[in-house]
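Residue numbers (the numbering used here), protein chains in the order written: chain A, 76 to 215; chain B, 76 to 215; chain C, 76 to 215.
Treat each hint with caution, since some may be false.
Identical copies look the same in the list; a pair holds intra-copy or inter-copy alike.
As the list claims (entries may be wrong) - Straight line, CA to CA, 27 Å or less: simulated DSS-like cross-link-like pairs of lysine-lysine:
1. Lys-122 with Lys-93
2. Lys-122 with Lys-108
3. Lys-112 with Lys-122
4. Lys-108 with Lys-137
5. Lys-93 with Lys-108
6. Lys-134 with Lys-112
7. Lys-137 with Lys-93
8. Lys-112 with Lys-137
9. Lys-112 with Lys-93
10. Lys-122 with Lys-137
11. Lys-108 with Lys-134
These are computed hints drawn from the structure, not numbers from a lab.
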Amino acid sequence: MEDPVFWYAVASVLLYVKMFATSMYQGFHRITKMTFKTPEDAALAGKAPAQEELPQVQKAGKAWSNDLENIPIFLALGVAYVLVGASSGLAGWLFMTFTVARYCHTIFYLAELQPWRTIAYGVGTLCMIAMCVLILFTLF
Amino acid sequence: MEDPVFWYAVASVLLYVKMFATSMYQGFHRITKMTFKTPEDAALAGKAPAQEELPQVQKAGKAWSNDLENIPIFLALGVAYVLVGASSGLAGWLFMTFTVARYCHTIFYLAELQPWRTIAYGVGTLCMIAMCVLILFTLF
Amino acid sequence: MEDPVFWYAVASVLLYVKMFATSMYQGFHRITKMTFKTPEDAALAGKAPAQEELPQVQKAGKAWSNDLENIPIFLALGVAYVLVGASSGLAGWLFMTFTVARYCHTIFYLAELQPWRTIAYGVGTLCMIAMCVLILFTLF
């Protein structure tokens with residue numbers, strides 16, 4: 076628990092579970108409402124392709140986009156953090172706060188809760204800025 | 076070959092090659108059909124900008140989106156797998172099965188082959204779930 | 076400075092800063108022009124939702140897409156490069172050239188400068204191909 080590798084691994088798993096849940100949410104709405112934009116998917120269900128994705132699928136798609144702009148670079152900074160040997164006391168706090176913030180961000184996106192969504196984004200950003208600072212302090 | 080790092084490196088290179096091939100596929104269709112949506116790209120070719128991307132470019136774009144939702148987090152889980160020292164006997168099987176599944180996924184997307192595309196996605200997902208389980212077993 | 080980990084960490088931080096700057100650019104235009112497509116964001120500003128994202132936001136969105144297709148896989152190849160112990164003399168050159176190329180790519184996208192944007196993309200791609208070759212040479 077004093078080892079940043081431990082927290083990096085826990086964060087990776089939890090963030091994967093969160094992203095997988097977003098995919099499941101999209102799939103659930105597509106299947107229960109039998110609404111598929113991709114023609115071969117609609118054909119498989121014996122339906123005509125939809126003109127547009129469902130509102131729930133679009134909203135989850137926006138949460139996905141924001142995840143893709145934040146989570147992979149967080150994980151890369153996490154690897155840098157581990158490999159350069161930055162503060163092991165802070166690793167757990169930073170990695171877990173980021174993870175919780177991203178769970179909140181997705182929930183707030185789906186629930187259309189503002190300014191909470193922006194606050195969750197901001198908390199994640201502050202964690203990454205802190206990681207950058209700690210990495211640079213360790214290097215220089 | 077008993078070292079998960081070996082398989083992580085091979086998977087990274089193969090997945091990069093796959094993604095690069097998807098970009099080349101898009102570029103090939105844009106250039107051979109002289110169809111560019113971005114105005115400055117069209118101007119460079121002495122053309123008016125296209126209203127829409129070509130169908131091939133759109134299809135490859137959907138394959139790209141699905142890749143971005145799966146490949147970076149797989150690679151992050153792969154690093155966690157390596158750093159925590161999870162099962163070295165299974166690393167090669169899991170990392171290579173995921174990689175083959177993603178090659179198949181792109182091919183099936185471009186060829187509009189269902190339910191094969193969903194099966195390929197599912198195989199990749201099962202590999203990541205197995206990686207998560209093995210990481211957590213090693214940690215706890 | 077002879078250690079690839081050093082350059083990997085510097086590249087991660089610089090690429091994060093670049094991506095964060097792209098988000099700030101989008102936020103700056105949305106806020107100063109009070110133009111929000113997402114309904115709950117528009118409501119927070121006491122506005123009706125916009126039909127379309129601003130041109131600047133759309134352009135930055137395209138730069139983002141290209142970043143997401145290139146930067147996470149570069150960082151994964153960088154980890155593989157470090158972990159397999161590929162050439163430490165070339166690491167700094169490759170990782171920094173890629174980073175500078177991606178800064179240029181975003182600037183050229185926003186400034187609509189062609190063929191410079193494509194050249195910047197190509198330089199980044201060449202760095203990744205060189206990394207793949209060096210990784211495979213070290214493995215086999």
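One pair to classify: Lys-137 and Lys-93, alpha carbons no more than 27 Å apart. Within, between, both, or neither?
Answer is both: 14 Å inside a copy and 21 Å across each meet the 27 Å cutoff.
Within a copy, between copies, both or neither: which one fits Lys-134 and Lys-112 at a CA-CA cutoff of 27 Å?
both (15 Å within a copy, 12 Å between copies)
At 27 Å max between alpha carbons, let me know whether Lys-93 reaches Lys-108 within a copy, between copies, both or neither.
Cα proximity of Lys-93 and Lys-108: one copy only (23 Å, versus 33 Å across).
Given identical chains, is Lys-122 near Lys-108, meaning Cα to Cα at most 27 Å, within a copy, between copies, both, or neither?
Intra 11 Å, inter 32 Å, cutoff 27 Å: intra-copy only.
At 27 Å max between alpha carbons, let me know whether Lys-112 reaches Lys-122 within a copy, between copies, both or neither.
within (10 Å within a copy, 30 Å between copies)
Tell me, please, which holds for Lys-112 and Lys-93 at an alpha-carbon limit of 27 Å: within, between, both or neither?
both (24 Å within a copy, 25 Å between copies)
27 Å Cα cut-off: does Lys-112 pair with Lys-137 within a copy, between copies, both or neither?
For Lys-112 and Lys-137, the Cα distance is within 27 Å both inside one copy (17 Å) and across copies (11 Å).
As a check of your reading, is Lys-122 near Lys-93 (CA-CA no more than 27 Å) within one copy, between copies, both or neither?
neither (30 Å within a copy, 32 Å between copies)
My question is about Lys-122 and Lys-137: at a cut-off of 27 Å on alpha-carbon distance, are they close within one copy, between copies, both, or neither?
Both ways: Lys-122 and Lys-137 sit 26 Å apart in one copy and 20 Å across, limit 27 Å.
Treating 27 Å as the Cα threshold, decide for Lys-108 and Lys-137: within, between, both or neither.
both (20 Å within a copy, 21 Å between copies)
At most 27 Å between CA atoms: does that hold for Lys-108 and Lys-134 within a copy, between copies, both, or neither?
Both: 16 Å inside a copy, 23 Å across copies.
Comparing the model with each numbered hint stated earlier shows that hint 1 is the single one that does not hold.
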